[in-house]
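Protein chains in written order, with our numbering: chain A, 1 to 496; chain B, 1 to 126.
No wet-lab data here; the hints were simulated from the structure.
Watch out, some of these pointers could steer you wrong.
[Claimed, not checked] Just so you have them, the derived chain B footprint on chain A, three or more residues with Cβ under 8 Å:
| no. | stretch |
| --- | --- |
| 1 | 204-215 |
| 2 | 302-314 |
| 3 | 321-328 |
[Unchecked claim] Calculated pairs, DMTMM-like style, for lysine to aspartate or glutamate (alpha carbon to alpha carbon, straight line, at most 20 Å):
| no. | chain 1 | residue 1 | chain 2 | residue 2 |
| --- | --- | --- | --- | --- |
| 4 | A | 323 | B | 76 |
| 5 | A | 323 | A | 306 |
| 6 | B | 48 | B | 76 |
| 7 | A | 323 | B | 32 |
| 8 | A | 391 | B | 69 |
Backbone N, C-alpha and C fix where the C-beta goes; we use that ideal spot for every residue, glycine too.
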Amino acid sequence: MAAGHRGNMPDIDFRQLFDRLPSPYMILDRNCRYVAANGAYEAAVMRSAEELVGRNLFDIFPNDGPSGVALRESFERVFATGEADTIAYIPYDIPRPQSLGGGMEKRYWTAVHTPLTNRDGEVAYLAQNTVDVTEMVRLREAASLPYRSFSGETQLVERAREAETAHRSLLAESAEFRRMFEQAPGFIAVLSGPDHVFTFANDAYVRLIGGREVIGKAVGSALPEVAGQGFIEMLDHVYSSGETRSGEGTRIVLQTQHGEMQERFLDFSYDAVRDLDGLVTGVFVQGMDRTEAVRTLKHQRLLLDELNHRVKNTLATVQSMAKQTLRAAPNMQAANDDLEGRIIALSKAHNLLSQTAWDSTTMSDLVDHEFAHLDRARLAASGPDVLLNPKASIAIAMVLHELSTNAAKYGALSGDEGRLDVVWQVGADGDLVIDWHETGRALSAPPSKAGFGSRMINAVVRGELDGSVNASYETDGLVCKLVVPQLSYIRTRDHA
Amino acid sequence: MPDVSGKLQGLNVFVVEDEALVALNLEDMLDELGCTVIGPAMRLGRAKEMLDGAFTADVAILDVNIAGEPVFPIAEQLAVRGIPIVFATGYGQAGLPTSWHSNPVLQKPYTMDEVSGSLAKALGGG
Chain A
1 MAAGHRGNMP DIDFRQLFDR LPSPYMILDR NCRYVAANGA YEAAVMRSAE ELVGRNLFDI
61 FPNDGPSGVA LRESFERVFA TGEADTIAYI PYDIPRPQSL GGGMEKRYWT AVHTPLTNRD
121 GEVAYLAQNT VDVTEMVRLR EAASLPYRSF SGETQLVERA REAETAHRSL LAESAEFRRM
181 FEQAPGFIAV LSGPDHVFTF ANDAYVRLIG GREVIGKAVG SALPEVAGQG FIEMLDHVYS
241 SGETRSGEGT RIVLQTQHGE MQERFLDFSY DAVRDLDGLV TGVFVQGMDR TEAVRTLKHQ
301 RLLLDELNHR VKNTLATVQS MAKQTLRAAP NMQAANDDLE GRIIALSKAH NLLSQTAWDS
361 TTMSDLVDHE FAHLDRARLA ASGPDVLLNP KASIAIAMVL HELSTNAAKY GALSGDEGRL
421 DVVWQVGADG DLVIDWHETG RALSAPPSKA GFGSRMINAV VRGELDGSVN ASYETDGLVC
481 KLVVPQLSYI RTRDHA
Chain B
1 MPDVSGKLQG LNVFVVEDEA LVALNLEDML DELGCTVIGP AMRLGRAKEM LDGAFTADVA
61 ILDVNIAGEP VFPIAEQLAV RGIPIVFATG YGQAGLPTSW HSNPVLQKPY TMDEVSGSLA
121 KALGGG
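Could you put the whole structure together from the sequences, leaning on the hints where they help?
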């Protein structure tokens, strides 16, 4: 009743009206405590309102059987949904007061539960209008077989009983389905009408849309960011044509709980919902959030691209090595040995890197691997722990290989006398300084400037590592200082 | 493949390539084709310095990925100056943003014929 009409109401005492209604009425709060009961109700349950008000219905009328459960569930439905609930037929025995002899009295009822709101508009109470139909049931029982002469009233009760049974089982079934839909791993929503108004959205759907309240709202206003992304057009199509629309890994931008826009990828299907006449009344939305899977796939694609890039670059490096080696080699045997040595050096550096998932190597590891084939008695190599990024690892490994091969073939380690001292350190400015010191034997054949070894060392250290090379061929042997700036060797998070 | 080496004679080719050995090989190839190598720049910073200095080039060969960084900022500066660009990459054409799809691509590892062919194409002769 609209508030405006109240002023025109005749002077009626509604409390009195309630009390005098010929049908039994009572009011319960959310804890099933009596708030009020009228005279007809007092008579029906053989209790005065004073005995009832403030007390729990189930304390006064305990019932652990199915009827107690049914009554409780009916109350809960009213408080949960804010909608009236009817129990057409319910056997519910009540204790007879001591003054009337005590014991239990068998009773049959029909009840309608109507929600009542408080001033804040919340469902705080329910009104029960209950009718005792025990007499009619007794009549039916009295008219037992073989004389099937039910009165109209007993047939009505019988139909009510049947309808109630069917209604309860349907309710239970529908509640079960609802629970299943609510908790389904995929997202499910039901849209109604041409504006696609949400009538149902399960937990997964609500999570997908950042926990927003959508029930009762049209898609366009509930999820404004979806406009212009093609989905509403698809819903329009399903609603108008009845045809299914679906997508796989379809990109959608949705608002998160924190109000940010986020990209998701969905597998989904829009199916028409039809009424009994076959007319489309809405759209059934279901699908899976495939964002993680799509991201994994993209990441794999990225890794594959990266792998391809590295393989192609390595092949190009080997191609260059082969060409340069063949060009400089005096004969096929030398070409074979040189090329093999260089490819093995490159491969060793790759081995070291793969041990750390292509993160880094240390100077000590590189030196150990590169010097493994040399005479350790005439060789000393020392320096602090320095981590090298992958690019610097490979570059320095190749340089160490060229220098050590040169020392073994033509330099200090080629005869029986000389020795090699390698010392590396990190300067105050962070530069890695490698001192290569051969003593005891001058080069048997000083390398030509254009030789592959020195060309490569120059290109790698000066070009690739942005450093410097200072080599001098002393009478005593090769002395060489390599400087690699910190920026070139330092390990950073995504170094290629 | 038509013989284009004659047309390439004397060209100044700007090279950006971060792998020293690959750069060496490309230098040798360009040398054989009669071209003069500008660079090679093996780091983006170095390439930028060269562009800011007294820079002249007839054509450029750019490795797409320079120590983990894309070479496209350099490519844009070259394009502004009207210098034709060949991209060298391990990724293939798919690794290029669509705006550069019309540029010739050298798929690593490449041969001298492929280098001369792509240069000719970039210069509008192939």
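Outcome of the hint check:
Against chain B, the stretch 204-215 of chain A contributes 0 residues with a C-beta closer than 8 Å to a partner C-beta. That does not satisfy the three-residue criterion, and the hint is violated. By the rule of at least three residues with a Cβ nearer than 8 Å to a Cβ of chain B, the coverage given for the stretch 302-314 of chain A holds, with 7 such residues. With a threshold of 8 Å between beta carbons, the proposed coverage of the stretch 321-328 of chain A by chain B holds, since 3 of its residues qualify and at least three are required. Under the criterion of a C-alpha separation no larger than 20 Å, the hint pairing residue 323 of chain A with residue 76 of chain B is inconsistent with the structure, at around 33 Å.
Between residue 323 of chain A and residue 306 of chain A the CA atoms are separated by roughly 26 Å; this puts the pair beyond 20 Å, and the hint is violated. Taking the CA atoms of residue 48 of chain B and residue 76 of chain B, the gap is about 11 Å. The hint holds against a cut of 20 Å. For the given pair, residue 323 of chain A sits about 13 Å from residue 32 of chain B by alpha-carbon distance, which is consistent with the 20 Å threshold. For the hint linking residue 391 of chain A to residue 69 of chain B, the alpha-carbon distance of about 13 Å falls within 20 Å, and the restraint holds.
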